[in-house]
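Visitor: Residue numbers (the working numbering), protein chains in the order written: chain A, 1 to 362; chain B, 1001 to 1127.
Please note: incorrect hints may appear among the correct ones.
[As the list claims (entries may be wrong)] Computed cross-link-like contacts, DSS-like style, restricted to lysine-lysine with a CA-CA straight-line distance of at most 25 angstroms:
(1) Lys120/A <-> Lys268/A
(2) Lys1086/B <-> Lys345/A
(3) Lys350/A <-> Lys290/A
(4) Lys1102/B <-> Lys290/A
(5) Lys329/A <-> Lys345/A
(6) Lys342/A <-> Lys82/A
(7) Lys157/A <-> Lys82/A
(8) Lys1048/B <-> Lys1102/B
(9) Lys290/A <-> Lys345/A
(10) Lys1086/B <-> Lys120/A
(11) Lys1048/B <-> Lys1086/B
(12) Lys267/A <-> Lys120/A
(13) Lys217/A <-> Lys17/A
(14) Lys1086/B <-> Lys342/A
(15) Lys120/A <-> Lys3/A
(16) Lys17/A <-> Lys1086/B
(17) Lys329/A <-> Lys1086/B
(18) Lys290/A <-> Lys1048/B
Everything labelled a hint here was simulated from the structure, so no lab data went into it.
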Amino acid sequence: MGKRTVLYNTHVAMGAKMVDFAGFDMPLHYGSQLDEHHQVRQHAGVFDVSHMVVLEVLGAGAHDYLRYLLANDIDKMPHPGKALYSCMLNEQGGVIDDLIVYFIATQHYRIILNAGSAEKDLQWMQSHVGHFELELCRRDDLAILAVQGQQTHTLLKSLGDGFITRNVDALGRFECAHSQDLFIARTGYTGEDGFELIVPNQNVLSLWRQLCAAGFKPCGLGARDTLRLEAGYNLYGQDMDEDTSPLCSNLAWTIALQPAERLFIGKKALLAEKERGVAQQLVGLLLVDKGVLRSHQRVILADGLEGITTSGSFSPTLGQAIALARIPKGNYPHCEVIIRDKAHKAQIVKPPFIPFNPSKTQ
Amino acid sequence: MTLPQELRYTTTHEWVRVENDTATIGISEHAQSLLGDLVFVDLPALEKTLAVGDDAAVVESVKAAADVYSPVDGVVIEVNSALADKPELINQDPYSTGWLFKVKLVGELPLSLLSAAEYQAMLNEEE
């Protein structure tokens, strides 16, 4: 038996098919993964993502510590109430994890870590506290719900909660706010507009019920995966890991090499990699022939060089198979993907596969 | 849910409907439920000769690809072309409009085929 989120029994009672994900028994879908995917693209859905780990970084040294620990620069957040996506790198420039850091207050940052890498992340982070004056505080007492889709604003406001309504109107993308018992951030992993809500475990069931009653459709991790893939978001452990650098993972935009005087873990390795030339790139594939792309399929380029798919699935929105693939640097418009020993034609594109969908109320 | 009693089944979740010397083959309700929403089906070529256990077709859901093994010896005489545009027929109606292919039987039916009761007993044990 795996670990369970507070909502485990609720998912089962709602007919969810449960699967193991990062040691947790999580809902894969509640009947149809395709329906849930379309619901988020066309309307709005709610996901239980409480398997992810909330970590507080508290103290006078938190700011300097995070500027040293993270490849993106938290000084891009000029004031509290902002959020930033970043990789956490090892000395070789490989990705230990990707995360979102929220600037809550002076001397208080909140980080959300992937469930599958949280334990090693925490060890790594603890081992680099050194002389920094701070405390790392893991919040297993909190639950996370993601509400995503263009109707999210309207449905959230229909809850009639003053704090939520105010912030649904006020928050820009990658902004956050909190009250005593609710943290709300305009972030997500679907390519749709939406929010992530963090509440104490004892409040999550009532919030989940309110959201479902308001019209958010419960969605499982299956739809979450096809949504993020269409949006061109990497999945840690599949599209990048400790042996791949962000420079060959379509994440160069998250690496803050300036200001030059800021040193962060992995910077030296990235500068050296840039110096000798980044050898690989992460691209999008659109399958032209019939079939379904999966991870770990061979990609053959016109000049005979090869790459490999890192994530692949059927895109419910496009009605064709899509994938992320790591291939040598170069300008390749087409490739062939080997599926069950047969070559299938694919077009090479720059992710995302679908444009970001701003909320209709904006 | 009751299994159609007139069909024979395999331990790998295919079903077979035998009418004279023709066998129609598909995947069971249990198999489609495990796979989830189907999005692509790769069916065998016409006139292909299949032996029991041969890879005959591939069904792919959003989640995974699964091989379909031939439950019988025979030659492919027809495939369900409606599945090219509507693979979801397998989810909606696995024992009827969601059939995969038909073969002209060669020789005897294999003894390993399960009756509905035997297949049901196997599913109960898996639970």
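Visitor: Against this structure, judge whether each hint is valid.
Guide: Quick rundown of the hints versus the structure:
1. Distance restraint check for Lys120/A and Lys268/A: the Cα-Cα separation of roughly 22 angstroms lies within the 25 angstroms cut-off, and the hinted pair is therefore satisfied.
2. With a C-alpha separation of about 22 angstroms, the suggested pairing of Lys1086/B with Lys345/A holds against the 25 angstroms cut-off.
3. Distance check on the hinted pair: Lys350/A and Lys290/A sit about 21 angstroms apart at the alpha-carbon level, within 25 angstroms; holds.
4. With a C-alpha separation of about 22 angstroms, the suggested pairing of Lys1102/B with Lys290/A holds against the 25 angstroms cut-off.
5. The hinted pair formed by Lys329/A and Lys345/A meets the criterion: a straight-line CA distance of about 19 angstroms does not exceed 25 angstroms.
6. Using a Cα cut-off of 25 angstroms, the hinted pair Lys342/A and Lys82/A is violated, with the two alpha carbons roughly 48 angstroms apart.
7. At roughly 21 angstroms between alpha-carbon atoms, Lys157/A and Lys82/A fall within 25 angstroms of each other, so this suggested pair holds.
8. The hinted pair formed by Lys1048/B and Lys1102/B meets the criterion: a straight-line CA distance of about 11 angstroms does not exceed 25 angstroms.
9. With a C-alpha separation of about 9 angstroms, the suggested pair Lys290/A and Lys345/A falls inside the 25 angstroms cut-off, and the hint holds.
10. In summary, the hint linking Lys1086/B to Lys120/A is not supported, as the alpha carbons are separated by about 44 angstroms, beyond the 25 angstroms threshold.
11. Restraint check for Lys1048/B and Lys1086/B: satisfied, since their Cα atoms lie roughly 23 angstroms apart, inside the 25 angstroms limit.
12. Between Lys267/A and Lys120/A, the direct Cα distance comes to roughly 20 angstroms. Compliance with the 25 angstroms bound is thereby established for this hinted pair.
13. Under the criterion of a C-alpha separation no larger than 25 angstroms, the hint pairing Lys217/A with Lys17/A is consistent with the structure, at around 15 angstroms.
14. Between Lys1086/B and Lys342/A, the direct Cα distance comes to roughly 23 angstroms. Compliance with the 25 angstroms bound is thereby established for this hinted pair.
15. Between Lys120/A and Lys3/A, the direct Cα distance comes to roughly 17 angstroms. Compliance with the 25 angstroms bound is thereby established for this hinted pair.
16. Taken as a hint, the Lys17/A and Lys1086/B pair is honoured in the structure, with Cα atoms around 23 angstroms apart against an allowance of 25 angstroms.
17. The straight-line distance between the Cα atoms of Lys329/A and Lys1086/B is roughly 38 angstroms, outside the 25 angstroms bound, and the hint therefore fails.
18. With a C-alpha separation of about 21 angstroms, the suggested pair Lys290/A and Lys1048/B falls inside the 25 angstroms cut-off, and the hint holds.
Hints 6, 10 and 17, counting from the list given before, are not met by this structure.
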